[in-house]
Every structure is written in C-alpha cells, then in structure tokens.
Amino acid sequence: MTSMRLQLNFIILTLCCMQSSGDRISLPTQKQLATILASMDNSTDACEDFYTHACGNWAEQHANEDYGISNMMQTIYVNEIDDVMLKEYPMDQHQFRRAQQNVTEKALAYYYSCFRIKYSLNEFKFLDLVKPGPRDEWPLLEEAQLRRKAANRFTWTPTENFNLFALVGELNGYGINNELIKTISLYLENGTLVTILAKPDLAGIDVDEIKVVVEESGVRKIAVNRLVREIQQTHDHWQAVYKNFTKIEKQETEDGEDDDDDDDLTFSYEELQKDSPRLYAFISKAIPLQLRDEASVVGLTDVKYFKSLLAKQWQQEEVRKLCNYLMVKFVLSLKRAHGYGCNISVVNHMPFAFHALYYQHRFLPYASDFNRDINAMTRKIFKYIMEIINENHLKMTAKQLRTMRKRFQQMSINLGNLPTDMNYEILEKLYSDIPDLDVNNYYENHLKVKRHNVLEQLACPSNLSCRDDPDHIPYYERLSNMMTIPFGTLKPPMYDISFDPLLSLSTLGTILGHELAHVVDTTTLSMSYPIFEQVLQQPEVEQAMACMQGQHPTSTIDERIADLLGARVAFQTYKREYSLRLQPRFTSIPWNRLFFLNLAQFFCTKNQDFDNEHDSSLIRLNQIAMNLKEFSEAFQCPLGSKLNPERRCRFY
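What the sequence shown shows, in mature numbering (1 follows the signal peptide of the UniProt record, and there is no 0), is residues -22 to -1, 1 to 630, in sequence order.
Hints may contain errors.
Stated by the list, open to error - Straight-line alpha carbon distances no greater than 20 Å define the calculated EDC-like cross-link-like pairs of lysine to aspartate or glutamate that follow:
no., residue 1, residue 2
1, K285, E227
2, K109, E120
3, K285, E249
4, K221, E272
5, K9, D19
6, K384, E455
7, K584, D27
8, K252, D242
9, K313, D447
10, K285, D179
11, K361, E101
12, K96, D106
13, K199, D186
14, K313, D106
15, K263, D411
16, K285, E296
17, K160, D242
18, K109, E295
19, K252, E227
20, K290, D214
21, K285, D253
22, K377, E518
23, K428, D447
24, K377, E365
25, K607, E26
26, K428, D411
27, K96, D61
28, K189, E101
29, K553, E365
30, K221, D271
31, K553, D351
32, K384, E365
33, K160, E227
34, K299, E120
Bear in mind the hints are in silico, worked out from the structure with no lab data behind them.
Just need the whole structure built from these sequences, with the hints factored in.
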C-alpha cells in the first residue's frame, strides 16, 4: 500500500516539474493523469481485458472506499456540503428556532441533529417511534427484553387496538412499499389524486442481513437461528403467494377469460371506509389527510389477490412472524439509508434544500463559467449524436428522423436540480409539509423528513427530479424528457472546469452521450411514439440486438446501447472539435489511448456487483472497448483478439 501511495506522489511531483519547465498544466489535470497512471496494471494486455489493464490497481489507490464513482461523487459532494455548513452556519453560532421554521432552518436543524449523533447512530432507536400499534411492542424486541427468563418459547399477544393493515400502511409511508400491498400514487391532469393498490412485486432478501438485525436486536443467541429461519420462511411464503396470483392472472389472460367481477375497482375514500375497513386502515396511514380531497380515489387492481388477502383469517402466531419480518425490513431500509453516514442520508432526504445552500455558497460565484462550459459541451455532444443517428443505420424514414430530432430539441437540462432562477418560494412550498424539526432529536427528524421524502414525488415541480434515492452523476428521466446534471458531477475525477478537453469529454462527455442515448433507446421509442413501432420490428434492430446479446447476454439492453453510443459520440466529438490539437502537451501517452484510459476511470470499482439497471463495470467497459474500432486502433489490437473481434455490434 505504501509503495503505491509513493508511486502516485512521485507521478504528481514529476508532472509539477513538467509544469515548472514550461508545460503549464492545471493541478486537477495533473492529479487526474496521476490517478490514471497509478490505476493501470501494465502486466495485463489491454486488447484482452481492458478493464483490468486500466483499473487493475485502482482498488489499491482507493483503500478506504468500497464503491465506484457514483458513490465517490456523492461523498465528495456531501463533503462540500459539510464544509458549507461548518463555515457558513456553524452550530455554536446559530440560534435554532423551534417553531415556524423556513426551509433553511429545517435543513440546519436536520443536519446538526445528525451531527450530534453521527458516531452513535443506532437504527433500533427508530423503533421507539414506530411500533406495531399504539400500545404494542415489536415482538422481536419484546422477546429480547425477556431473554434472561427461563422460558424456552416466547408468546406475543397483540393488544385489542392492534391493526395489521394500519401497520403496513404506516411502514408504506416510510418507504416500505412492497409488503402485502404496493401503492402507486399520481395526480391526474385535473388535479385528482389517484392511489392504485396492487399486488407486490417479487423481490429477494439477504439472509445474512436478516441475521445481523436479529443479532443486534439483543435476543438470546440460542434464538437467533430460529428467528432468522422464521423471517425467511415468512418472506418465502408471501413471495409464493404473489407468484401464484401472477400465474393465475397470466393463465386467465392467455385463456381469454373475462370475469366482470374481477375487473379493476375504484373507490372514493368514503366508499372504501364503508366497503373495506382493512384497506381504509391501510390507506389512511399510507396517504396523509392533507393530500386528499373529495375527488381523491383509490383504485384496486389484482382483484383476486385482494379478495384473498382481505378474507384471510390471521392466526396470532402468523401475525407475530409477520411483524418480525416487517420490523427487519424496516430496520434494513434504515441501515441502507445510513450506510455511508447520517450526513449523506440527510443531504439525500432534503436534496433541494442542500442544493440551494451549495448553489449560494459554492456554485454561484462561478455559475456563468460552469453554465457556459457545460452548455458548450452538451451542444457538441448533441451535434455528433445527431450526425450518427442521421447515418440512419436503422433505415428510418425522414419523418421518423425529424421526430427523433424534435424529441432531442424538446429535452430540458437542469444543472444542479434546482428551480429555474433559484426560486426559494418553490422550495418553501415543497418542504412546507415537514413539521418543525428539533436539533436535539435526529430520529424523530429523520422520520418526519422520510415521510415527506416518500410523498415528495407526488408534489414534485415539473422542472425538478424528485428521485427517492438521488443520484450524483447525470441521469435522464423519460416521462419528463429531462436530463439532470447534479452539482456532485462537477468535481474531479468526473469533471473540472480546468480539465484538458480530452479529460472532460472522455468522462463527463461520455456520460452525457450515454444519457442522451436514452432519449432514443428502445424503451423510450416504444413508450413515446407509435411511429417507431415499425422501426423496432425491422431486421436491422433484430440483428443489432442479437449481436449484443451474442457477445455477452444482458437484461438491460438499453444500457448497453447507451454505453456504446455515448462513448462513440464523445470520441467523435473530441476528434472533430479538437482536430488541430488532438495530442495533449502534458503527456506522451497517445491521445486516443488516454481517451479510453480516462473513460475507464468512470467504471473502476472495488467490486463487480451489478444492479438491476446495469451490468458489472468490467463487462460494461470491455463491451465498449470491443465494439469501438477506435479502441482497437488506439491500442493496436490484433484482429481476432478478444477486444478486436471480426464483427462489432452497433445499434445506431
């Protein structure tokens, strides 16, 4: 480890000496080049495994990080927020009002309540505030409290006022939205709030995570395995129920059966209270009163499932096991939210308030420079993505190409994810439902803000992105046709305003190209315009899909398309826009090699886990290298080597 750190410092020192001798290089560029060089494993052939060649030593250079660039950018951004708070709003110099707080005061109280307990945070303390019922304790915790008693088996009896559906509704309001009942809420164009109740989606569960929670609850060691097994069995039972009703519905659809009694149903809240007290108990907790009016309705889909659920006679032991399961799911969600510290959780749960503080104290002095540079880069990326699409590899009609260009032109870009012209009235209105916060009570504050955070997506202004889990790298949202470039993006290693253009375009340029590609990926086209249905059925599309799946199967084909197009567009942008000075003066590494080596920094990570939306970083980077001839030319890969195949894949 020490030798690798010395190597990185030596590289930076060498670059500084180059600067003093006449080749002036910005410090961020020096550091980025040093990081690229220190990350490389030159013992690996780039033409066989570019990921390992470019990122083989990355983990050693990032010993304290167990994640990739997305979480790294999040950490860098939150560190900036920490600096703003400590310098501009020091806790010992601020008077915290306890009533009639504005959005900034709520943010400060929330932040500093975390600051006071960040080294002693205990997710189980949230369970003092959220219980199964007004006079009920979580059975797992009650068993833990009695662990020293001689009895081998604990019996839990709920009180008379316990209501299972009210409990599930309350947890739904804190984001546990896939247990027994799934909710989908939206406002119609006329302002009517519609809440759809549906059968939950299938989902997995990590037994090791269950065991950690059970052990931390304080139950006797001898009871741990039994409780873990019960919780897993409860999960498996309900997954089987969901799967069975999905199978029934699918079979009825295939058989053409149409039972009028099982059509989707719609209720007013008054009708629901009368016809189904259990569902009313659920919805009363899940959707707060202030969001409803006389026109609000509840829709019921998966009717056969709900008939069975509502007719179920619950046994006491079954309720105990389900409560334990729900408690563990709740604690796990809190652990994930606080996995990198409560300060990161605070910023992610009141993002617009903290974006506004960052804007005021860090971004605003340089806003014109940032806006000019990002807008210029985006225009260039747009220019060359349209050039590639106009090559018409998919043989689209002139009308289809015009429609595609129009969708690009109508796309909005929000730098920083803030209201236009930084309108604080919008933020005050958005956060008005959060009660006053107590700087001395983080646990209560977090639940209040979490409740708002879940409902925020319903009241989200049209020009903002209200993701439940905010990202800190650029992303595109299909329904609003908007790309968001978070403030967290505007820092190395992703970007710096003083970066050489090659560095900016190979990282941020590639990501912007990737997100722009989603404007015209297969999902967007099939969702948005019937005019493209014929295109998606053409042999060129089928051949491109088969080619990509043949190289390496993926369940996220749109991400593969975006990866390939984004890198290709960014490379062409640099090659065409800077054709008179392609080779940077600060390095002897050929410019085209450096482009891909810096692009790789986006994908370098310690682990190769993949999420539901993306393949692993290793697969993604090697797929880009394999399908861009510019890569093979840069690294002089022999034809037939793994990353210079005889046939490459191309969608656009």
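Outcome of the hint check:
1. K285 - E227: Roughly 14 Å between the alpha carbons, so the hint for K285 and E227 holds.
2. K109 - E120: 11 Å, holds
3. K285 - E249: 16 Å, holds
4. K221 - E272: 35 Å, violated
5. K9 - D19: Holds, because 18 Å separates the two Cα atoms, which is no more than 20 Å.
6. K384 - E455: 17 Å, holds
7. K584 - D27: With Cα atoms ~16 Å apart, K584 and D27 stay inside 20 Å; holds.
8. K252 - D242: Status holds; Cα separation ~18 Å.
9. K313 - D447: At roughly 14 Å apart (the allowed maximum being 20 Å), D447 and K313 satisfy the hint.
10. K285 - D179: 18 Å, holds
11. K361 - E101: Between K361 and E101 the Cα gap is close to 49 Å, so the pair fails against 20 Å, i.e. violated.
12. K96 - D106: Holds. K96 to D106 sits at ~18 Å (cutoff 20 Å).
13. K199 - D186: 15 Å, holds
14. K313 - D106: This hinted pair holds, its Cα atoms lying about 16 Å apart.
15. K263 - D411: The given pair, whose Cα atoms are some 16 Å apart, holds under the 20 Å limit.
16. K285 - E296: 19 Å, holds
17. K160 - D242: 15 Å, holds
18. K109 - E295: 18 Å, holds
19. K252 - E227: Violated, at roughly 28 Å.
20. K290 - D214: 18 Å, holds
21. K285 - D253: 12 Å, holds
22. K377 - E518: 18 Å, holds
23. K428 - D447: Holds, at about 11 Å.
24. K377 - E365: Holds. K377 to E365 sits at ~16 Å (cutoff 20 Å).
25. K607 - E26: 14 Å, holds
26. K428 - D411: The given pair, whose Cα atoms are some 11 Å apart, holds under the 20 Å limit.
27. K96 - D61: 16 Å, holds
28. K189 - E101: 15 Å, holds
29. K553 - E365: 14 Å, holds
30. K221 - D271: Status violated; Cα separation ~35 Å.
31. K553 - D351: 18 Å, holds
32. K384 - E365: Holds - the C-alpha atoms of E365 and K384 are around 14 Å apart, at most 20 Å.
33. K160 - E227: 17 Å, holds
34. K299 - E120: 13 Å, holds
The structure is inconsistent with the numbered hints 4, 11, 19 and 30, although it conforms to all the rest.
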